[in-house]
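Asks: Produce the complete structure using the sequences and hints provided.
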Amino acid sequence: MKHSTHRILTTHAGSLARPADLLEMVRSKEAGQPYDHEAFAARVRTAVAEVVGKQIDAGVDVVSDGEQGKPGFANYVKDRLTGLVAREGVPPRVSSDQADFPDFQPPEGGTLNARRMVCIGPIGWKDRAEVQTDIDNFKAALQAVQPVEAFLPTVSPGTLAQNVINEYYKDEEAFLFAVADVMQEEYHAIVQAGFLLQIDSPDLAMGWHTQFPDKTLEEFRTIIALRVEALNHALAGIPPEQVRHHICWGNGERPHHRDVELKHIIDILLHARAGALYVEGANPRHGHEWKVFRDIQLPEGMIVIPGVIDTKTNIIEHPELVADRIVNYARVVGRENVIAGTDCGFGTSADRTRVAPSISWAKLQALTEGARLASEQLWG
Amino acid sequence: MKRSIDGILTTHAGRLPGPPDVAEMVRAIRQDRPHDKEMFATRVKHTTYEVVRKQKDVGLNIVSDGEVGKLGPFYNRLENYGPRQFAPGEEPRGGGTPRGEWQLFPTFYDEYWSQTGGSSLLPLVCTGPIRYIGQAAIQTEIANFKAALAGVEVDEAFMCSVSPGWLVPGFGFREADFQPHYKTEAEFFFALAAAMSEEYRAIVDAGFVLQVDDPRVLSGWDVPHPRTGAHLTLEEYRKEAQLRVDALNHALRGIPEDRVRHHMCWGSWKGPHTVDIPLKDAIDMVLKVHAQAFSIEAANVRHEHEWKVWQDVQLPEGKILIPGVIAHATNLVEHPELVADRLVRYANLVGRENVIAGTDCGLGGRLHPEIVWAKFQAMAEGARLATDRLWRR
Numbered sequence: 001m002k003h004s005t006h007r008i009l010t011t012h013a014g015s016l017a018r019p020a021d022l023l024e025m026v027r028s029k030e031a032g033q034p035y036d037h038e039a040f041a042a043r044v045r046t047a048v049a050e051v052v053g054k055q056i057d058a059g060v061d062v063v064s065d066g067e068q069g070k071p072g073f074a075n076y077v078k079d080r081l082t083g084l085v086a087r088e089g090v091p092p093r094v095s096s097d098q099a100d101f102p103d104f105q106p107p108e109g110g111t112l113n114a115r116r117m118v119c120i121g122p123i124g125w126k127d128r129a130e131v132q133t134d135i136d137n138f139k140a141a142l143q144a145v146q147p148v149e150a151f152l153p154t155v156s157p158g159t160l161a162q163n164v165i166n167e168y169y170k171d172e173e174a175f176l177f178a179v180a181d182v183m184q185e186e187y188h189a190i191v192q193a194g195f196l197l198q199i200d201s202p203d204l205a206m207g208w209h210t211q212f213p214d215k216t217l218e219e220f221r222t223i224i225a226l227r228v229e230a231l232n233h234a235l236a237g238i239p240p241e242q243v244r245h246h247i248c249w250g251n252g253e254r255p256h257h258r259d260v261e262l263k264h265i266i267d268i269l270l271h272a273r274a275g276a277l278y279v280e281g282a283n284p285r286h287g288h289e290w291k292v293f294r295d296i297q298l299p300e301g302m303i304v305i306p307g308v309i310d311t312k313t314n315i316i317e318h319p320e321l322v323a324d325r326i327v328n329y330a331r332v333v334g335r336e337n338v339i340a341g342t343d344c345g346f347g348t349s350a351d352r353t354r355v356a357p358s359i360s361w362a363k364l365q366a367l368t369e370g371a372r373l374a375s376e377q378l379w380g
Numbered sequence: 381m382k383r384s385i386d387g388i389l390t391t392h393a394g395r396l397p398g399p400p401d402v403a404e405m406v407r408a409i410r411q412d413r414p415h416d417k418e419m420f421a422t423r424v425k426h427t428t429y430e431v432v433r434k435q436k437d438v439g440l441n442i443v444s445d446g447e448v449g450k451l452g453p454f455y456n457r458l459e460n461y462g463p464r465q466f467a468p469g470e471e472p473r474g475g476g477t478p479r480g481e482w483q484l485f486p487t488f489y490d491e492y493w494s495q496t497g498g499s500s501l502l503p504l505v506c507t508g509p510i511r512y513i514g515q516a517a518i519q520t521e522i523a524n525f526k527a528a529l530a531g532v533e534v535d536e537a538f539m540c541s542v543s544p545g546w547l548v549p550g551f552g553f554r555e556a557d558f559q560p561h562y563k564t565e566a567e568f569f570f571a572l573a574a575a576m577s578e579e580y581r582a583i584v585d586a587g588f589v590l591q592v593d594d595p596r597v598l599s600g601w602d603v604p605h606p607r608t609g610a611h612l613t614l615e616e617y618r619k620e621a622q623l624r625v626d627a628l629n630h631a632l633r634g635i636p637e638d639r640v641r642h643h644m645c646w647g648s649w650k651g652p653h654t655v656d657i658p659l660k661d662a663i664d665m666v667l668k669v670h671a672q673a674f675s676i677e678a679a680n681v682r683h684e685h686e687w688k689v690w691q692d693v694q695l696p697e698g699k700i701l702i703p704g705v706i707a708h709a710t711n712l713v714e715h716p717e718l719v720a721d722r723l724v725r726y727a728n729l730v731g732r733e734n735v736i737a738g739t740d741c742g743l744g745g746r747l748h749p750e751i752v753w754a755k756f757q758a759m760a761e762g763a764r765l766a767t768d769r770l771w772r773r
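If you're matching them up, the sequences are chains A and B in order. Following our numbering, the numbering of the first sequence begins with 1 at its first residue and continues without gaps. Following our numbering, the numbering of the second sequence begins with 381 at its first residue and continues without gaps.
Hints are computed from structural coordinates only; laboratory data are not their basis. All values derive from a computational prediction rather than experimental measurement. Even for Gly, the Cβ is constructed at its ideal location relative to N, Cα and C.
Label pairs and their in silico Cβ distance ranges: (1) B:N728 <-> A:T133: 48 to 58 Å; (2) B:S494 <-> A:G89: 24 to 34 Å; (3) B:R769 <-> A:E336: 29 to 39 Å; (4) B:S494 <-> A:R128: 37 to 47 Å; (5) A:T133 <-> B:Q483: 36 to 46 Å; (6) A:G89 <-> B:G462: 47 to 57 Å; (7) A:I56 <-> B:S494: 29 to 39 Å; (8) A:Q365 <-> B:N728: 23 to 33 Å; (9) A:A31 <-> B:E555: 56 to 66 Å.
Computed far set for chain B versus chain A, every beta-carbon distance over 10 Å: (10) D412; (11) A467; (12) P468; (13) G508; (14) V542.
Replies: Following this line, the structure appears as structure tokens:
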């Protein structure tokens, strides 16, 4: 993984807005309606090329495929794995920050993630070709451009333990390691294709206020420690410097006042076999947590990718503010160990467009402009 | 005016959320639907009482009446001033909508305004000599606030009114909108100022701190001028803004500076805000307002970096800064540690006794009520943390 050796590099959390026509196809596909498979495959391929070009135009250094073909950052696995079904009518979880404000309706947007995945049989591979399609599309898109580096996002076993109702395995541990044994193939395929691997583990932070509001902090720590262990099992044999690990507290514009504090979980996060720890740092619930890094010792060579752009609101960060945030981190962990990112994705669910697509691109421009200003300060 | 002598005081920008039934009555009155006048008066009085106690309960030091019964529009308090229809070719969205940004994010703005009901304020026209006719309304508000404060110990109480500059939709008039009653725009502005001065005095005479809401001095930037249809250069803009500051000072004449706080913001719509004028380009003019305290947006991501403006600008002796440390731009509740960080930055630059914690703009009507009160709690807690750090407790 490249460090910010001469200037602050920029990246984002992986998912990006889908073009409107592709989104329509994704909707039909997810609704189980007939759709033109060839047209869909072709459109995903061109959409990946388009978003790669747009990332380059915005000045982003470490680019992704934008997860253009996936309905969401996690639920895409239902099309790839056996043992999973999507079930209608499962009531959504009520997170503790929502429970405190019962008549507040979060402006979440998007329904593609509303159906819950349920595990009803052994987890295994149903369609390995989809991983290869992601890789092929991304490789094709990268022919025309030369980013500093390229990554593909994928989902952690722990996040599937959070999002999937397990009706088959005897407990969460059995489920986690079964998923890890299967998903490691996707992880290896991405790394072997020459890309950085990004593991999305929102469960390690958002799990407390969404899945386990009744657990004590100690109990939650025990749960996520096991999830990190399962992730490490899946990452066995992959060099940590090829892996970035994304953590977040949920991408909804809601109170978030019950979010677990980073300082209470960071020791567990640092156990993951990843060369970069990627955490939210821009939104007002976590904007102060750069100070957490003053109190801990990062492993030698470890990169921190802080979110310096909020992905929940349409107001565009001033590049000066972006620079201030980057400099805060750089002063604490060293400029070469900071890559500037966004808090989360701009299309975590394909139809979640709380941040308007045009604004998401302007936010990425603010990110790269802010990184340029920070680099001027840090390298003089 | 109280300042942060023993610890960082907290306040907000004025408007607070009221209960749904009062909001519905306000809508009914505005839309000329039938309503129970006595019931409205009683509910407003009671709601004022409630919001004062709630402010006290969440730990706010400097409280307002919450503007819960304010009917608007503001021109109802002026005689011979009111809306007119658009002239052919006139830009219906000129008022309060940054045109440059509309062109940058056209789909976003189309969707945003269609969801929020649009921003097409009608242009205003003067039809005779301007005179203040809001005496009864302001006296009712004062009486409600006084009654609500009885038996509640707060550090200070303030009431809001609008600046002459805010009385203008968009950023200026066509000549036909004020002639023949006033010869020049400046003359008309000073007439508006003289009228509003009556409301300002009523608030101060009642013993309250007066907050003058004056967003246009910043949010007028990038609104095309109605006479030319063109965007203003910075120099032209500063000239226009200066006229508004002069008019405001005319309205404030004779009122002791230490009874006045000035609030400005860049407009509270939830858009990208990329064309907002930088604070550094306007702050010198704003500081000429005859007010002791200045409330400025500083918590949202477009303006948070501007605390650094105070590295270069000297806060004049005796003045107070009320930076926004809580934003209406997001439903996320600010972490108290972040609130404290923000306050400490200001305190380190302008002196802890010259900083009062505030909100970016009025939160009422802009966020869900439950979230508003949770944000106030976060602010009060953040001010306590900042006080611990700044007074080394």
